[in-house]
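> So the chains spell out like this:
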Amino acid sequence: MAYPTLENVLRILTLQDHNTRIVLAGACAFGVAAGLVGAFLLLRKRSLLGDTLGHATLPGVAIGFLIAYGTGIDPRSFLPLALGATLTSVAGIAALLLIRRFSTIKDDAALAIVLSVFFGFGVALLSAIQQLPGGFASGLEHLIYGSAATMSSTDTSFVLVSSLCIAVICIALFKEFSLLCFDEPYARSSGWPATALDLLLMSLVVWTTVVGIQTVGILLVVALLVIPPASARFWCDGMGAMATVSALCGGLSCLFGVFLSALFPKWPTGALIVLSAGAIFAAGLVFGPTRGILIRSIRTRREELKLRRDHMLRAVFECAENSSESVPLSQLLTKRPWSRRHVTSEIARLADRGLLTFSLSNDSVQLTTTGLSEARRLVRNHRLWELYLIQHAEIAPAHVDRDADRIEHVLSLRIVEELEDILDQRPHDRLVPRDPEKSHL
Amino acid sequence: MIWTELDTWIVIAGALTAMSCALPGVFLQLNKQSMLGDAISHAVLPGIAIAFLLSGSKDTLPMLAGALAAGVLTAILSGTIQRIGQVEQGASLGVVFCVFFAVGILLVRVAADHVDLDPSCVLFGSLELAVIQSSGIPKVVWTSLITLAVNSVLVALFFKELRLSAFDNRYAASAGIPPESVRLGLTILTSITSVMAFESIGSILVIAMLIVPGATALLFCRSVGSVLFASLGFAALASAGGHLLAISTIPAMLSYLLDNPDIGSVSSAGMMATCAGLMFFSILLGKILSKPRGASVTQVDTQ
Chain P
109 MAYPTLENVL RILTLQDHNT RIVLAGACAF GVAAGLVGAF LLLRKRSLLG
159 DTLGHATLPG VAIGFLIAYG TGIDPRSFLP LALGATLTSV AGIAALLLIR
209 RFSTIKDDAA LAIVLSVFFG FGVALLSAIQ QLPGGFASGL EHLIYGSAAT
259 MSSTDTSFVL VSSLCIAVIC IALFKEFSLL CFDEPYARSS GWPATALDLL
309 LMSLVVWTTV VGIQTVGILL VVALLVIPPA SARFWCDGMG AMATVSALCG
359 GLSCLFGVFL SALFPKWPTG ALIVLSAGAI FAAGLVFGPT RGILIRSIRT
409 RREELKLRRD HMLRAVFECA ENSSESVPLS QLLTKRPWSR RHVTSEIARL
459 ADRGLLTFSL SNDSVQLTTT GLSEARRLVR NHRLWELYLI QHAEIAPAHV
509 DRDADRIEHV LSLRIVEELE DILDQRPHDR LVPRDPEKSH L
Chain B
1460 MIWTELDTWI VIAGALTAMS CALPGVFLQL NKQSMLGDAI SHAVLPGIAI
1510 AFLLSGSKDT LPMLAGALAA GVLTAILSGT IQRIGQVEQG ASLGVVFCVF
1560 FAVGILLVRV AADHVDLDPS CVLFGSLELA VIQSSGIPKV VWTSLITLAV
1610 NSVLVALFFK ELRLSAFDNR YAASAGIPPE SVRLGLTILT SITSVMAFES
1660 IGSILVIAML IVPGATALLF CRSVGSVLFA SLGFAALASA GGHLLAISTI
1710 PAMLSYLLDN PDIGSVSSAG MMATCAGLMF FSILLGKILS KPRGASVTQV
1760 DTQ
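From first to last, the protein sequence lines stand for chains P and B. Residue 109 is where the first sequence starts when you use the working numbering, and the numbers rise one by one after that. Residue 1460 is where the second sequence starts when you use the working numbering, and the numbers rise one by one after that.
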């Protein structure tokens, strides 16, 4: 395989090739439009609608071909095939809505039913076309599953105009579509034409699919409808941000893919675009700032450490409460099902932070002043919550510890103040109440 | 139309495959994984290409192994992405099979340097060709019979586990059944069933028969057991009806419309899928039409 020279790379990156420019414009516009439409589809849990409708175009193409053949038009002209494709996609949508409205079949099953039945019929019709004299079938398959690398300038203008229209409609009806995605019953009850909006959204998918299949191929249509919106979820919250990021991801995937295929002309553009989209998805999956694996595991880890710290501080405090201020390690070990290693490592960590001191001579720990005030706050929160549960939620004293154990870490100052009011605990002296479990025994 | 021995074998092989797909398909549908069949049909491509590049031959066995691995990997990977990335089920499936398919296309292009590899010819068989054999029972009938037997036994053995984890995750978990593992087992079983059938019969029949018979049964059955039996019936019926349409009605119609008497029978697998769809939609329409107007309003709680 030949690697591109530096000169070559520069020429491609500065868009000096007419062909690269055309393919780039068409593909990026399509990527942006598909990303926008796909964002709504993802939220409606119908990501694979594009897949279904893409397959549902096959019988339409075959019917368009057969009608053109029967009436003596050139059966390979674009119009009858596109019309047929649109027609059966719309029929597919009608079938989907029928299933959704009149049965309890789930959306994903409805998608699979329409996909397989329509595609099956298409396969059957195609096998009939193969028997017609003239050898049309091979050309037909190329027409159905186009490839981005061979996009001509008429193709590009067609894709550009369609993508622009789709994007404009999405932006104009942004509020309505968002409402439909998040709360369809509410949209219905407050007088929005929810069914019409749903139909419009699906028609946009049909439009995207039909335009895309003719020009960039079915794989790319499905991929660009599914992958960019799924990636966008890792980068942001909120509908507006998500749609924007999704459109961006779609555009970027196409940009990378087209550049790559210009650099390595032997490799198919469509596959490279899909792989770029996949790479963006993988990057988001790992590094995404809202839902990425990394950020979530850091957050979980941080919470876990805080939890362990809180539990240890409270254990030391409660041990010291009953006896001398210095707490032997053996006593700590009886507080919770902790292993010796866990306790020693945790004590070392807390000692580093200056929350307690450890004396080797008698194997015991003692809270420092900061540690003491922090532990006092925690124990107080814990017991306030226990008291509240016992007095106001009428839960048996033996059962409150587990609940309080979970909530003590997240009680905010405001809730603590409210608890103080309810339980008549004077806030100014911040006394730690007695352990309610023991005082009730 | 002349009915030959070959037609009988086509119907039998189609029906057996359809039934072996319908069994896991019912649970797939209850687990909201209906699109898995279609996803796998795309995702096997890189498996085939890699097997071809490694073995350097067009033998069926290594390719089948590659396809199996890719199919199972799709099921596992999309489940993992869904869980650890909190991505919606359909979307994670879509991401995985699109990327797999793209990798496959690239690999095929690489392989094409050495030899002409058309994956659709290598792996995706056709029902009509599969049954052609000089004498005796065709091989495809045996393999589909074995698949059906294995699937029936597995579904019967794990019926309780499959049903519980399809309907109530938490209850299943508390009853000592790990729902995640059951689901994983189900998807793996589906992958194996699908890939085996792709090789002998082609993908469209599999994608259709995984879901459509079960969905038809779900329109009127009330228990999982009855859905299973009804879906077996629908699968067999769709195969017979589909083949009849493929060799008689559709060619006759097309010949008449196109004024071309040369059109012979069309793809049986395609028409079997269509026939299953016809049954589904006619029962759905029947339900809609037989429902008295305003029935949903008059459903009053009698307690």
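By construction, these hints were calculated from the structure, which means they are not laboratory data. Beta carbons: idealized from backbone N, C-alpha and C, even for Gly. Hints are not guaranteed to be accurate.
To be verified - Anything over 10 Å on all C-beta distances counts as not near chain B; from chain P, calculated:
no., residue
1, V117
2, D159
3, Q239
4, A304
5, Q474
6, V524
As the list claims (entries may be wrong) - Looking from chain B toward chain P, a few residues come up when the C-beta cut is under 8 Å (computed):
no., residue
7, G1635
8, A1674
9, V1725
> Which numbered hints are broken by the structure, listed smallest first?
Of the numbered hints, 2, 3, 7 do not hold.
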